[in-house]
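S.K.: In case you want the letters, here they are:
There are 2 protein chains.
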Amino acid sequence: MPGRRSRSPEEGGGKIADVPAASLPSTIVAASCQLELAIGQVDANRAAAAAAVRSAADAGAQLVVLPELTPSGYVFESLAEAVALAEPLDGPTVRSWSRLAAELDLVVVGGICEAPPDGRPRNTSVVVDRDGLRAAYHKVHLWGDEPDFFTPGSLAPPVVDTALGRVATMVCYDLEFPEWVRLAALQGADVLAAPTNWPAEPVRAAPTPIEVVRVQAGASTNRMAIVAADRCGVERGVEWTGGSCIVAATGHLVAGPPPQPGPAVLVGELHLGLVKDKRTGPRNDALGDRRPELYGPLSR
Amino acid sequence: MPGRRSRSPEEGGGKIADVPAASLPSTIVAASCQLELAIGQVDANRAAAAAAVRSAADAGAQLVVLPELTPSGYVFESLAEAVALAEPLDGPTVRSWSRLAAELDLVVVGGICEAPPDGRPRNTSVVVDRDGLRAAYHKVHLWGDEPDFFTPGSLAPPVVDTALGRVATMVCYDLEFPEWVRLAALQGADVLAAPTNWPAEPVRAAPTPIEVVRVQAGASTNRMAIVAADRCGVERGVEWTGGSCIVAATGHLVAGPPPQPGPAVLVGELHLGLVKDKRTGPRNDALGDRRPELYGPLSR
Numbered sequence: 001m002p003g004r005r006s007r008s009p010e011e012g013g014g015k016i017a018d019v020p021a022a023s024l025p026s027t028i029v030a031a032s033c034q035l036e037l038a039i040g041q042v043d044a045n046r047a048a049a050a051a052a053v054r055s056a057a058d059a060g061a062q063l064v065v066l067p068e069l070t071p072s073g074y075v076f077e078s079l080a081e082a083v084a085l086a087e088p089l090d091g092p093t094v095r096s097w098s099r100l101a102a103e104l105d106l107v108v109v110g111g112i113c114e115a116p117p118d119g120r121p122r123n124t125s126v127v128v129d130r131d132g133l134r135a136a137y138h139k140v141h142l143w144g145d146e147p148d149f150f151t152p153g154s155l156a157p158p159v160v161d162t163a164l165g166r167v168a169t170m171v172c173y174d175l176e177f178p179e180w181v182r183l184a185a186l187q188g189a190d191v192l193a194a195p196t197n198w199p200a201e202p203v204r205a206a207p208t209p210i211e212v213v214r215v216q217a218g219a220s221t222n223r224m225a226i227v228a229a230d231r232c233g234v235e236r237g238v239e240w241t242g243g244s245c246i247v248a249a250t251g252h253l254v255a256g257p258p259p260q261p262g263p264a265v266l267v268g269e270l271h272l273g274l275v276k277d278k279r280t281g282p283r284n285d286a287l288g289d290r291r292p293e294l295y296g297p298l299s300r
Numbered sequence: 001m002p003g004r005r006s007r008s009p010e011e012g013g014g015k016i017a018d019v020p021a022a023s024l025p026s027t028i029v030a031a032s033c034q035l036e037l038a039i040g041q042v043d044a045n046r047a048a049a050a051a052a053v054r055s056a057a058d059a060g061a062q063l064v065v066l067p068e069l070t071p072s073g074y075v076f077e078s079l080a081e082a083v084a085l086a087e088p089l090d091g092p093t094v095r096s097w098s099r100l101a102a103e104l105d106l107v108v109v110g111g112i113c114e115a116p117p118d119g120r121p122r123n124t125s126v127v128v129d130r131d132g133l134r135a136a137y138h139k140v141h142l143w144g145d146e147p148d149f150f151t152p153g154s155l156a157p158p159v160v161d162t163a164l165g166r167v168a169t170m171v172c173y174d175l176e177f178p179e180w181v182r183l184a185a186l187q188g189a190d191v192l193a194a195p196t197n198w199p200a201e202p203v204r205a206a207p208t209p210i211e212v213v214r215v216q217a218g219a220s221t222n223r224m225a226i227v228a229a230d231r232c233g234v235e236r237g238v239e240w241t242g243g244s245c246i247v248a249a250t251g252h253l254v255a256g257p258p259p260q261p262g263p264a265v266l267v268g269e270l271h272l273g274l275v276k277d278k279r280t281g282p283r284n285d286a287l288g289d290r291r292p293e294l295y296g297p298l299s300r
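Protein chains in written order, with the working numbering: chain P, 1 to 300; chain D, 1 to 300.
Simulated from the structure, these hints should not be mistaken for lab results. Please note that a few of the clues may not be correct.
Note that the list lumps identical chains together, so a pair holds whenever it fits in one copy or between two copies.
Here are the simulated SDA-like cross-link-like pairs (lysine to any residue), alpha carbons at most 20 Å apart as the crow flies [to be verified]:
| id | residue 1 | residue 2 |
| --- | --- | --- |
| 1 | K278 | R300 |
| 2 | K278 | P297 |
| 3 | K276 | T27 |
| 4 | K278 | R120 |
| 5 | K278 | V203 |
| 6 | K278 | P292 |
| 7 | K276 | D105 |
| 8 | K278 | R291 |
| 9 | K276 | L89 |
| 10 | K278 | P202 |
| 11 | K278 | L79 |
| 12 | K276 | A50 |
| 13 | K278 | G144 |
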């Protein structure tokens with residue numbers, strides 16, 4: 001079983017506070033906010049996010065997940081546009097989410113276009129709670145034209161000890177690398193909160209979008225709950241999947257994906273006991289049954 | 001991209017013949033034989049398998065996959081029973097499947113309880129074609145009481161160059177380790193043929209059994225077709241899922257799982273061009289976008 005790691009937000013990792021397991025709730029209520037956003041409409045996008053967070057809190061949510069690149073939108077036409085829409089980690093979006101987290105006693109995870117102190121923007125997911133910014137993760141696996149706009153990260157998904165359990169985060173295409181999802185689990189994540197912008201596939205897999213299938217498999221093989229918040233609508237010709245979902249550690253869908261396209265706040269209950277117990281049978285353990293001594297070729 | 005590896009069947013790997021890619025068909029027809037078998041009824045089980053192989057061939061199949069431990073059945077009560085039902089790699093089952101493969105020009109993949117020259121039985125998947133036995137793989141990740149009956153394998157899934165493309169195999173619970181499925185893809189597998197005996201979950205995931213969801217995700221994240229052949233019925237109180245499926249390299253279901261429990265021969269077409277091309281977008285590649293330098297903790 002993995003040991004606890006301590007890293008600072010500046011390193012891309014999460015601060016590990018000492019929250020004794022005994023003090024954790026047995027269940028938590030998670031929300032996935034599926035938003036329709038518009039490229040460059042930063043104020044409107046922030047307002048839509050804030051409204052969704054409040055709506056989720058009204059429904060009892062304690063952990064609220066927002067899409068990738070929420071304030072800026074996704075389909076940049078140039079690096080200059082991405083730079084113009086980027087903001088620092090102490091900028092208005094993180095301050096807004098931190099205020100909401102403090103006021104409503106939430107853990108909020110969402111994506112921003114981050115302006116680092118130097119270099120090109122980062123495709124970043126932040127974890128904030130009542131104490132403010134807890135972790136900032138830089139997307140490691142970049143999709144499509146993202147290399148034109150973002151410097152990729154090179155640090156593992158952070159795992160943050162919160163009042164709700166250990167919350168990890170990664171961004172969208174990262175989820176397509178089972179190695180990466182596994183790393184979050186090996187580092188002890190209870191819930192993986194994943195901001196996404198899933199472009200719609202030419203042929204949608206039936207009965208469940210393949211993006212959601214991958215999330216279910218990631219949850220199931222790791223006995224880790226996963227909350228993915230997706231976009232909906234169309235942005236500069238890119239149609240989004242609208243595949244937001246809340247998935248239990250068994251891989252079963254707790255909520256989503258919404259049957260109809262459009263904005264939605266999904267809410268569902270996650271059982272931390274199920275997540276903490278990696279046993280999948282009397283003699284089996286999802287992580288303990290791994291044969292890491294045979295997995296060497298994966299890192300060569 | 002992975003290089004070609006040459007290993008002998010005795011090493012648990014597949015012989016790599018020189019089949020030029022240009023000589024491969026653009027599509028192949030695969031079959032998954034979902035069988036109802038009975039513990040210890042070796043003759044009847046072999047007959048059921050042979051009948052299913054013939055039925056698949058009649059439907060045009062070129063690659064035929066059979067369940068885990070087809071001749072013996074699965075739910076052993078003792079090591080002595082497993083030993084009594086074990087047979088060598090040149091025993092009657094492999095001889096039967098080799099004869100069928102030669103007569104009908106098939107690649108056949110199926111599971112047997114193997115009696116090795118020394119030691120306890122192995123939970124083995126064999127790959128046979130018109131040239132006879134091409135590879136024998138020993139299940140690496142053991143489920144439930146299997147450690148009481150089987151010595152686990154310690155070699156990677158073999159990848160066998162056949163007239164239909166590069167066929168890899170692993171067994172049932174192995175599929176729950178994304179690392180292992182990835183290794184088959186990294187070794188260049190076009191199609192992963194997986195004999196399984198999936199015990200039914202207490203609560204079946206809707207709308208698709210979670211075992212099938214994991215196979216779809218494995219196919220999708222690796223751009224590799226997967227054919228899984230499952231059991232149906234009940235054996236000594238264990239109900240089988242009946243989750244046999246044929247999955248394209250996109251993760252989309254080509255055939256299965258059967259909506260009703262019971263024996264079935266699923267047949268579906270797989271596009272080798274889709275498998276050979278790991279590009280998932282103009283600037284993306286399912287294997288090339290991996291960041292192996294960051295995956296070190298997976299093998300520690």
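S.K.: Now tell me, hint by hint, if it's right for this structure.
M.R.: Status of the hints after comparison with the structure:
no., hint, verdict
1, K278 / R300, "between (28 Å within a copy, 19 Å between copies)"
2, K278 / P297, "between (25 Å within a copy, 19 Å between copies)"
3, K276 / T27, "within (11 Å within a copy, 44 Å between copies)"
4, K278 / R120, "neither (40 Å within a copy, 29 Å between copies)"
5, K278 / V203, "between (35 Å within a copy, 18 Å between copies)"
6, K278 / P292, "within (17 Å within a copy, 26 Å between copies)"
7, K276 / D105, "neither (23 Å within a copy, 50 Å between copies)"
8, K278 / R291, "within (15 Å within a copy, 27 Å between copies)"
9, K276 / L89, "neither (31 Å within a copy, 42 Å between copies)"
10, K278 / P202, "between (36 Å within a copy, 17 Å between copies)"
11, K278 / L79, "neither (44 Å within a copy, 28 Å between copies)"
12, K276 / A50, "neither (31 Å within a copy, 45 Å between copies)"
13, K278 / G144, "between (35 Å within a copy, 14 Å between copies)"
In this structure, the hints that do not hold are numbers 4, 7, 9, 11 and 12, in rising order.
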